[in-house]
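**Q** What follows is each chain in one-letter form.
There are 2 protein chains.
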Amino acid sequence: MTIGSTHFNHVALIGAGLIGGSLARVIRREQLASHVTAYSRRAETRHRIKELNFADAVVDDIATAVSNADLVVVSVPVKASGAVAEAMGPHLMPGTIVTDTGSVKQAVIEAMAPHLPSQVHFVPGHPIAGTENTGPDAGFDTLFEGRWCVLTPPDGTDEIAVSTVANMWKRAGSMVDQMSAIHHDMVLAITSHIPHLLAFNIVGTVTELEEQLKLEVIKYSAGGFRDFTRIAASDPEMWRDIFIENKDAVLEMLGRFSEDLASLQRAIRREDADGLEAKFTQTQNIRRDVIDAKQE
Amino acid sequence: MTIGSTHFNHVALIGAGLIGGSLARVIRREQLASHVTAYSRRAETRHRIKELNFADAVVDDIATAVSNADLVVVSVPVKASGAVAEAMGPHLMPGTIVTDTGSVKQAVIEAMAPHLPSQVHFVPGHPIAGTENTGPDAGFDTLFEGRWCVLTPPDGTDEIAVSTVANMWKRAGSMVDQMSAIHHDMVLAITSHIPHLLAFNIVGTVTELEEQLKLEVIKYSAGGFRDFTRIAASDPEMWRDIFIENKDAVLEMLGRFSEDLASLQRAIRREDADGLEAKFTQTQNIRRDVIDAKQE
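As they're listed, the protein sequences go chains Z and F.
Read in order, the letters of the first sequence are residues 329 to 624 in my numbering.
Read in order, the letters of the second sequence are residues 329 to 624 in my numbering.
Some hints could be false.
Same chains, same names: a pair is fine if it fits in one copy or spans any two.
[Claimed, not checked] Calculated cross-link-like contacts (lysine to any residue; reagent style SDA-like; alpha-carbon spacing at most 25 Å):
hint, residue 1, residue 2
1, Lys-575, Asn-396
2, Lys-575, Ser-586
3, Lys-378, Gln-359
4, Lys-498, Pro-418
5, Lys-407, Arg-594
6, Lys-378, Arg-356
7, Lys-575, Thr-459
8, Lys-575, Asp-588
9, Lys-575, Ala-466
10, Lys-407, Asp-620
11, Lys-575, Thr-392
12, Lys-547, Ala-595
13, Lys-407, His-363
14, Lys-498, Asp-620
15, Lys-378, Gln-434
16, Lys-407, Ala-371
17, Lys-575, Arg-353
18, Lys-407, Glu-358
Hints were generated in silico from the structure; no laboratory data involved.
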């Protein structure tokens, strides 16, 4: 299947917030489907989706949404993905492709796969894109452009289904990569989850400072702390779920981080200037690699 | 003394890299002095200062630099400030104002004050401004514009000397604040030093990952890790000194941070969803305060 040939008869979007709503706009722009049905749990959200008019139908029932779909895209909070799979499982047509957009993959597979019929092709995915905003209004059709989308199909997944989902993301402007779910979760733990945890944590530490000191920290936040407050402004509910759903990888990486931090702390207490400088010099190489990887 | 009236006969800049070189450009633009002498330890740097022509004289000897100065600005690595004060002490005229630009204040005061004659006015300062670059070429005359400059004069410091230094920074476009050195060091530890330590540390943790995982972390660095690599690209030598010179405040704040992190780690291990969400929601208020403080 070439990129150009991707076309679906009926796409069902389970969840149409920032991610699902952005994908809906891409599907319409690229004419990837004859019909798009959006499902949302909340009446208010369904109302906004109708007003924004990025889907052909908006329904309040998962069974109705998926019953004629040849592609189902699940974009709900990670914690809700198991219940969604359970609700749609009995209503999926044989041959339907099911994909998702969750930030954590192993936990999503464990929650969803048992509820999906064997003739359905499940291709778990994670578009690494987002903003600080949520909801259908926050979506836009260039959200995925130039960003990575990682697919984590379990061994034995139908290859045509995988390349169909890959093609959809390429049409959204993404670069698509494939790896195991466990590997994905480890990479994301260190690139995204731990940085967010550190940001939430230092902002939390400041929250508990004496009032006068806190005011001054806010006043002089330009020196590095400000970058952390930006990261820590992310959706609390989403991050709560990510840390719990990716618990194993997060705790593993946090363990390594904390050991390293204890070692730096020891070097500072002992005024080990050479040790500190060696450590700080070493980190500059990674910075160069990140720039070379064109992530800047 | 009004802002407009600030004028020096002879300013000596001890160190003329990013900070000293930028201040030199401000002094020339604003015509704050009749004569500016720059001292640098390294022949290569002196050569560049002459070529850049932002000082009237460039000397290789601290005694010569300061002997006729009514203002001396010390902008050298924090660790070198004691030796600089010792070298210039005997050559300072009575009534001369000595200020510095170090990122740490209590340690600088302890290192410099004992070497300064009693008739010299010592006004320690910290312009909270900088870039990732160093050296006289890196300086520019708008570096301090719109940024805070904190003065930390010990009790009993001559008030005219303090306001003279304050006026100089205001002419550079800075907002000037005054607090105790110990208080300054605590505020900077949490707004700047700990964020840098965390950034150095997580980049260090990544440095020690298995090769394949490291490559993927670099590839997918957009999710938060990238911001940390930027912070961790700062000058290793300067940061080594800052952590050691501000050891007490850094260890105090790092202790609080680590306790809070251990508590988040525990909440993740126990899947305490409510506790995590409460913590993450709390941090959003600080973000709003930072935006309100016009630091964005």
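**Q** When no copy is named, should Lys-378 and Gln-359 be tagged within, between, both, or neither for a Cα gap of at most 25 Å?
**A** Within one copy only: 19 Å inside, 64 Å across.
**Q** Can you tell me if Lys-407 and Glu-358 fall within 25 Å by alpha carbon in one copy, between copies, both or neither?
**A** Neither: 31 Å inside a chain and 61 Å across chains, both beyond 25 Å.
**Q** Indicate which option fits the pair Lys-575, Asp-588 if close means a Cα-Cα distance not exceeding 25 Å: within, between, both or neither.
**A** both (20 Å within a copy, 18 Å between copies)
**Q** Using 25 Å as the alpha carbon limit, work out where Lys-575 and Thr-459 are close: within a copy, between copies, both or neither.
**A** This pair counts as within: shortest intra-copy Cα distance 23 Å, inter-copy 37 Å.
**Q** Under a CA distance limit of 25 Å, which applies to Lys-407 and Asp-620: within one copy, between copies, both, or neither?
**A** neither (36 Å within a copy, 34 Å between copies)
**Q** Between the shortest in-copy and the shortest cross-copy C-alpha distance, which are at most 25 Å for Lys-498 and Asp-620: within, between, both, or neither?
**A** within (23 Å within a copy, 40 Å between copies)
**Q** Within, between, both or neither: how does the pair Lys-407, His-363 come out at a Cα-Cα threshold of 25 Å?
**A** Result: close neither inside a copy nor across copies, 28 Å intra and 68 Å inter.
**Q** Using 25 Å as the alpha carbon limit, work out where Lys-575 and Ser-586 are close: within a copy, between copies, both or neither.
**A** both (16 Å within a copy, 19 Å between copies)
**Q** How do Lys-575 and Arg-353 come out at 25 Å by Cα distance, when the copy is not named: within, between, both, or neither?
**A** For Lys-575 and Arg-353, the Cα distance exceeds 25 Å both inside one copy (33 Å) and across copies (53 Å).
**Q** From the Cα coordinates, with 25 Å as the cut-off, is the pair Lys-498 and Pro-418 best called within, between, both, or neither?
**A** neither (30 Å within a copy, 71 Å between copies)
**Q** What label fits Lys-378 with Gln-434 when the C-alpha limit is 25 Å: within, between, both, or neither?
**A** Answer is neither; intra-copy 33 Å and inter-copy 62 Å both fail.
**Q** Tell me, please, which holds for Lys-378 and Arg-356 at an alpha-carbon limit of 25 Å: within, between, both or neither?
**A** within (14 Å within a copy, 63 Å between copies)
Violation of the numbered hints given earlier is confined to hints 1, 4, 9, 10, 11, 12, 13, 15, 17, 18; the remaining hints are satisfied by the structure.
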